[in-house]
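Trainee: The chain contents come next:
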Amino acid sequence: MTDPILPLLLGIVVALTALGAAAGFVARRVRPAIGLAGTALAGLGSMLSLLALAMRAEPDGVGLPLGLPGMALRLALDPLAALFLTVAFLAGTARIAFAAETAGAEAGTLALRLAGVVLTILAADGTALTLGLALAVGTGHVPKSLGIAGLGALACFAALALVGVSFDAVRAELDRSWMFWALALMGPAALAFGAARPLFVYLLLRFALDLGGPSPPVWVGMALLAAGSAGAMFGGWRAATGAETDTCLEGLTERQSGLAAIGVGLALVGKAGDLPALTTLAVAAALFAALSQSLSGALGQMVAGAVLANAGSRRLTSLGGLIHSMPWVATALAAVLFAGAVLPFGGGFVTFWLQLQALAAAPRGIWLAGVAAALALSAVLSGVALVRLFGVAFLGRPRGPRTAGAMDIPKAARPGPWALSVAILAMGVLPGPVLMLADGAIGQLAGVPMGERVGWFGPLPALPLLFLAVVIGGAVVWAVRRRGGAGHRVVPAWNEGFAPSPPWLPFGEPLTQSAGGFLPELAWTKPRWRVPRVAGLPLLLAAVAVLLAVLAAVR
Amino acid sequence: MSILVACVGQLLHLVLMLAAAPVLTGVVEALAAWFGGRAAPSVMQPWWDVARLFAKAPVRASSASAVSAVAPSVSVVLAVLCAALVSSFMLGMALAPLADPIVIAALLVAMRVVPVLAAMDSGTAEGGIAAAEAAQAAVFTETALLLALFVLSLSGGGLDRIVVAGMDGTLLTDPAAVLAVAALALVAGEAVVQPVLENAYSARDLALSRIAKQVRLLMWCDLVGGLALPFGMAPADGGPLDWLVGLAAWGGRVGLAALAVAALRVVGGARPSPALRRLALAFGAVSAGVGLL
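Order-wise, the sequence lines are chains A and B.
Note that numbering that gives the first Met the number 0 numbers the first sequence so that position 356 is 355, with each residue one more than the last.
Note that numbering that gives the first Met the number 0 numbers the second sequence so that position 63 is 62, with each residue one more than the last.
No wet-lab data here; the hints were simulated from the structure.
From the three backbone atoms N, C-alpha and C, an ideal C-beta is built for every residue, glycine too.
You may find that some hints are simply not true.
Covered stretches of chain A (chain B as the covering partner; in silico rule of three or more C-beta atoms under 8 Å from a C-beta of chain B) [what the hints assert, rightly or not]:
no. : stretch
1   : 350-357
2   : 471-481
Simulated restraints, written as ranges between beta carbons of each label pair [to be verified]:
no. : chain 1 : residue 1 : chain 2 : residue 2 : range
3   : A       : Gly-446   : B       : Gly-251   : 28 to 38 Å
4   : A       : Gly-212   : B       : Val-244   : 26 to 36 Å
5   : B       : Val-7     : A       : Trp-477   : 41 to 51 Å
6   : A       : Phe-466   : B       : Leu-3     : 47 to 57 Å
7   : A       : Val-421   : B       : Cys-6     : 46 to 56 Å
Whole structure, please, built from the sequences with the hints as guidance.
Mentor: As C-alpha cells, this is what we get:
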C-alpha cells in the first residue's frame with residue numbers, strides 16, 4: 000500500500016516547488032489560482048500521509064537519479080516521517096489557504112517552503128536533507144536571527160552529508176563518533192534559534208533517537224535536558240513578558256521546543272540506562288509537544304499576521320479590546336494560548352502530564368529536580384503569557400482609533416484558522432487517539448510502543464473529566480435559568496470613580512487601563528539580530544551550492 | 000454492590016460539599032470577627048447573601064465581552080469538579096480513579112486564571128493591576144503547587160493511595176512527601192487569603208463567583224486536611240459505622256482548618272504576605288529536590 004504513496008508525495012513536492020517558483024512571475028490576477036492549487040496540493044498531501052499513518056504502512060525508500068555525481072538523492076517514508084508529514088501538510092494547507100485570501104503574494108512562498116519542509120522530512124541522506132533545509136529555511140518566515148542560525152544549521156548538515164551519506168549507512172554503524180553527536184545536537188540547535196522550530200524537533204528526534212543507535216552516551220541526554228530546561232524556561236519567560244504579539248507567540252513555540260528537547264533528553268537517558276518504560280513515555284511526550292507546537296505555531300503566525308494587518312500594530316500596549324472587532328482572530332488566539340498553557344483539557348496539559356510521568360520513571364538524581372522545577376515554572380509562565388497576551392491585546396477597551404476600527408479576517412480566509420483551532424483543541428481532549436496515530440513513530444524511536452496504554456480514553460482521563468465538566472456546567476446553566484435573575488443591564492464600566500475622559504481622549508485616559516506590571520523582561524532574551532528578508536533565500540542557496548560543489552570535489 | 004456504594008458515597012460527598020461550603024465560609028468569618036473582638040455575623044450569612052444575589056439580574060460593563068459573562072459559571076464548574084475529585088469522608092468514591100494529583104493541580108491553576116481574565120475584561124485600572132499582581136504571585140505559588148503535587152504523585156497512583164499512605168504512616172517516613180504537604184498547606188494558606196477578583200461582578204455573577212470561592216475553600220481544607228490528618232477516613236469497603244466515623248473526622252478536620260484560616264486572616268491581614276509565597280516555593284523546591292534525589 001505504501002508503494003504509490005511515496006511517489007505521489009514526491010509529485011506533490013515537485014508540484015509545490017513549481018507552483019512556488021511560478022508565483023513570482025505570474026500576473027496578479029492568476030495569483031488566487033496559485034493559492035487554490037497550493038491548498039489543494041497540500042490538502043492532498045495531508046490525506047496521503049494520514050493514510051500512510053493510519054494504515055501503519057511499512058517503511059518505504061526510493062533513490063532518485065538526481066543530484067551531483069555519486070550523490071543521488073535518497074528519500075524514505077517511515078512512521079516518524081509520516082507523522083510529521085501529516086502535521087506539516089495540515090498546517091501548510093491552512094496557511095496557504097489563509098494567505099491566498101489575505102495576502103496573495105505570500106501563498107507562493109508558503110508553497111515553496113512547504114516543499115522544503117516535506118523534502119527535509121522525507122530525506123534519507125545528507126544531501127536531500129541539506130537541499131530540503133535550504134528551501135525550508137530560506138523561504139521561511141524571517142525571524143530576527145535567521146541568517147546566522149540558518150547558515151550554521153546548513154553547514155552542519157552539509158558536513159553530515161560528507162560524514163555519512165545515507166541514513167541507512169549511519170544506522171548500520173555500531174558506534175557513533177563524538178563528531179556525529181556534535182552534529183546531531185548542533186545542527187538542530189542552530190535551527191531552534193531560527194525559524195524552523197518544528198523542523199528542529201523533527202531533526203532532533205531523527206538524529207538523536209532514530210540514527211543515534213540503541214545505546215547513546217548519557218552525556219548527550221544530559222546536555223539535551225539542560226538545554227531543553229533552559230529553553231522551556233526562557234521561552235516561557237519571553238512569552239510572558241514580550242512587548243509584541245509576535246515575540247510572545249514565538250516565546251511559546253520556543254517553550255514547546257524546549258519541552259520537546261526535554262522529552263528527547265529523557266528518552267536518551269532511558270535508552271542509555273535500558274529503561275524502556277521511560278523511553279516510551281519520554282518519546283510520547285516529545286512527539287506530543289512537537290505536534291502541538293507545529294499546529295499552534297502555524298496558527299499563531301496567522302493570528303499575529305492578522306493582528307498586524309488589521310489592527311495596525313504588534314505592540315500589546317497599542318492594542319486592546321480586539322475581541323469585539325476581531326472575534327474570529329480572538330478565538331484562534333485563545334485556542335493557541337489554551338493549547339500552550341497547562342490547563343485542563345488542553346494540549347499543553349497532556350505534554351506536561353506525559354513529561355511528569357516520564358520524570359517519575361527516570362532514575363533518581365538531583366538533576367531530575369532541576370528538570371521538574373523548570374517544567375513547573377515554564378508551565379506557570381505559559382499561564383501568565385495566556386492572561387497577559389489575551390487580556391491586554393484582546394480584552395478591555397481599545398487603546399487607539401486603529402484598534403477600535405479593526406476588521407476581522409474576511410469570510411473566505413476563516414476555514415484555515417478554524418480548522419487548525421479545532422485540531423488543536425481536539426488534541427487536548429482526545430490525547431489517546433493522537434497517541435494511537437503516533438504509536439508507530441513511538442515504537443520506531445523508543446523500541447517499545449505505547450500499545451495498550453493508549454486508547455480512546457487513555458492514557459489520561461481527559462474525556463471523562465470533560466464529560467463531568469459538561470454535566471456540572473449544564474446544572475449551573477439550569478440553575479441560572481430557573482432561579483437566577485433574568486437578563487442583564489449594560490452600563491459604562493465603573494472606573495473607581497475616575498472622571499469621564501475628556502473629548503480629546505476618545506479612548507479614555509490611557510492610565511486607567513493598565514497593561515504593565517506583570518513580570519520584568521529579561522534584557523538578554525530580546526532578539527538581537529535582524530536580517531533583511533530579501534537576503535535570506537539567495538544567501539542560503541548560494542551557500543548550499545558552494546558546499547555541494549566542495550563535497551563533489553572532495554569525493 | 001461496591002460500585003453502588005461508591006456512587007452513593009460520591010453523591011453524598013458532592014451534596015455535602017455544596018451544602019457545607021457557604022457554612023464553612025460563615026464559620027471562618029464569624030471566627031475571624033470573634034478573634035478580632037468584633038460582633039460575629041451569623042454563620043448562615045454567606046448562604047443568605049448568595050441566595051439574595053443569585054435572584055438579581057447582573058449589571059455588566061459596556062466594554063466587557065462574553066468572557067466576563069461566562070467566567071463566573073466556569074469558575075463554579077471548575078471548583079465543583081475539583082471538589083468532586085478530592086475525597087472528604089471516605090475513600091474509593093466513584094470518581095477516585097480520575098483523581099490524579101496532576102489533574103487536580105491543573106484544575107487549581109485554571110481556577111486562578113479564569114477570574115484574572117474576567118478582571119481584565121472591562122478594561123479598568125484596578126482589574127489590570129490586580130491581574131498583574133496575580134501573575135506575579137502565580138510564579139511562586141503555582142510553581143510550588145505543581146511541584147508539591149508532582150512529588151506526592153511520585154509514589155504512583157491517585158489521591159486515594161496517597162491518603163492511604165498517610166493513614167498507615169508510610170507518608171510520614173518519606174521526608175519529601177511531608178515537605179510537599181507543608182508546601183501545599185502554605186499554597187492553600189495563600190490561596191484562601193487572596194482576595195478573589197470580583198469587582199467586575201454583580202448580582203447573579205457575584206453570587207456564582209462567591210459559590211466558586213466557597214467551594215474552593217472547602218476543597219482546599221479537604222485536600223490539605225486529608226493529606227495532613229487522614230485519620231478516621233472511611234475505607235473503600237467500609238460499612239455505615241465507618242461512614243459515620245469518617246463524617247465526624249471530616250467535621251473535625253474542617254473545623255480545625257476553619258480555625259487556622261481565621262487565625263491566618265487575623266494575623267496576616269486581608270492580603271497574603273509575599274513571604275508566604277516564597278516560603279511555599281522554597282518548600283516545594285526542597286521537596287522536589289529530596290523526592291527526586
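Trainee: Now tell me if each hint is right for this structure.
Mentor: Results of checking the hints against the structure:
no.	hint	result
1	350-357	holds (count 3)
2	471-481	holds (count 5)
3	Gly-446(A) to Gly-251(B): 28 to 38 Å	violated (52 Å)
4	Gly-212(A) to Val-244(B): 26 to 36 Å	violated (59 Å)
5	Val-7(B) to Trp-477(A): 41 to 51 Å	violated (23 Å)
6	Phe-466(A) to Leu-3(B): 47 to 57 Å	violated (20 Å)
7	Val-421(A) to Cys-6(B): 46 to 56 Å	violated (34 Å)
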